[in-house]
Amino acid sequence: GAVVSQHPSRVICKSGTSVKIECRSLDFQATTMFWYRQFPKKSLMLMATSNEGSKATYEQGVEKDKFLINHASLTLSTLTVTSAHPEDSSFYICSAGPPSTDTQYFGPGTRLTVL
Amino acid sequence: GIQVEQSPPDLILQEGANSTLRCNFSDSVNNLQWFHQNPWGQLINLFYIPSGTKQNGRLSATTVATERYSLLYISSSQTTDSGVYFCAVLNTGTASKLTFGTGTRLQVTL
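Protein chains in written order, with our numbering: chain A, 1 to 115; chain B, 1001 to 1110.
Source of the hints: derived by calculation from the structure; they are not laboratory data. Each residue gets a CB set at the ideal place from its N, CA and C atoms; glycine is no exception. Wrong hints could be hidden among the right ones.
So the derived label-pair ranges between C-beta atoms look like this [as the list claims (entries may be wrong)]:
| no. | chain 1 | residue 1 | chain 2 | residue 2 | range |
| --- | --- | --- | --- | --- | --- |
| 1 | A | T31 | B | Y1048 | 15 to 25 Å |
| 2 | B | E1067 | A | N70 | 34 to 44 Å |
| 3 | B | D1027 | A | L68 | 26 to 36 Å |
| 4 | B | W1040 | A | S83 | 20 to 30 Å |
In silico lysine to aspartate or glutamate, DMTMM-like type, Cα no more than 20 Å apart, as pairs [unchecked claim]:
| no. | chain 1 | residue 1 | chain 2 | residue 2 |
| --- | --- | --- | --- | --- |
| 5 | B | K1054 | B | D1081 |
| 6 | A | K41 | A | E87 |
| 7 | A | K41 | B | E1005 |
| 8 | B | K1054 | A | D102 |
| 9 | B | K1097 | A | E63 |
| 10 | A | K66 | A | D102 |
| 11 | B | K1097 | A | E59 |
| 12 | A | K41 | B | D1010 |
| 13 | A | K42 | B | D1081 |
| 14 | A | K41 | B | D1081 |
| 15 | A | K55 | A | D65 |
| 16 | A | K42 | A | E59 |
Here chain A stands alone, though its shape is the one from the complex:
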């Protein structure tokens, strides 16, 4: 099956700093990738759709200036949490799917802790 990687797997940072999370499709190209957020014991909530070569599409209630998304190539999307605060602490997961399929494959996730 298709493989999606994320880096880093875990990050701890101080309040006010910015953190960049990378999502890569390893064996296929993806014009679209998706970023999700998951709070403890909750389901995944879609944050935004990352579009290669164009602006990301954000879901209602997600601050685009807080969560910057860049999809600069067909295999890489990045999510930058800017000026992070403790309430941004969460598990962030990306997904992508091979062309011409509806099936989504998920990265292993990034656990962000903001002190």
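For this one, chain A is given, so just place chain B on it according to the hints.
Quick look at chain B alone, frame taken from chain A:
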């Protein structure tokens, strides 16, 4: 938007038991996937099943799209089956955006 509800929310089984997990959705869908989220958070694809029945080892799934539900069957459960099971649907016309269900937390004990 589409609503996706799963039941039961929590399930405790003894090793070897069978179980059925249910996913109800409120609108027509183009795609339905079942995932297992392991204790480390990784989502593992189980089935892509917009309709019909599929089987993979001890797991099988059935989706009845016209009645807006899907079932995941786990037979002869093992401790490694523990974790959270999610269904996720692709609503018609939403360009590959998956909506996740509420999840079923499964614990398999010895």
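For this session: Starting from K1054 of chain B, check that the Cα of D102 of chain A is at most 20 Å away, please.
Result: holds, 17 Å
Problem set entry | Whether the CB-CB distance between D1027 of chain B and L68 of chain A falls inside 26 to 36 Å | holds, 32 Å
Exercise. Are K1097 of chain B and E59 of chain A close enough, with their CA atoms no more than 20 Å apart?
Worked result: It holds: about 11 Å lies between the C-alpha atoms, which stays within 20 Å.
For this session: Would you check the hint for K41 of chain A and E87 of chain A, treating anything up to 20 Å between C-alpha atoms as holding?
Result: holds, 16 Å
For this session: Take the C-beta atom of W1040 of chain B and the C-beta atom of S83 of chain A, compute their distance, and say whether it sits inside 20 to 30 Å.
Result: Between W1040 of chain B and S83 of chain A, where Cβ atoms are some 29 Å apart, the hint holds.
Problem set entry | Pair hint K41 of chain A and D1081 of chain B, alpha-carbon separation not exceeding 20 Å | holds, 17 Å
Problem set entry | Restraint check for K55 of chain A with D65 of chain A, where alpha carbons must lie at most 20 Å apart | Within the cut-off at roughly 12 Å; holds.
Exercise. Is the straight-line distance between the alpha-carbon of K42 of chain A and that of E59 of chain A 20 Å or less?
Worked result: With a Cα-Cα distance of about 18 Å, the restraint between K42 of chain A and E59 of chain A holds, given a limit of 20 Å.
Problem set entry | Pair hint K41 of chain A and E1005 of chain B, alpha-carbon separation not exceeding 20 Å | Given pair K41 of chain A, E1005 of chain B holds - Cα atoms ~15 Å apart, limit 20 Å.
For this session: Could you say whether the range 15 to 25 Å given as a hint is met by the Cβ separation of T31 of chain A and Y1048 of chain B?
Result: holds, 20 Å
For this session: With a cut-off of 20 Å on the C-alpha distance, tell me whether K1054 of chain B and D1081 of chain B pass.
Result: holds, 18 Å
For this session: Given the hint that K66 of chain A pairs with D102 of chain A, test it: the Cα-Cα distance must not exceed 20 Å.
Result: Not OK: K66 of chain A and D102 of chain A at ~29 Å, beyond 20 Å, violated.
In terms of the numbered hints stated before, the structure departs from hint 10 and from no other.
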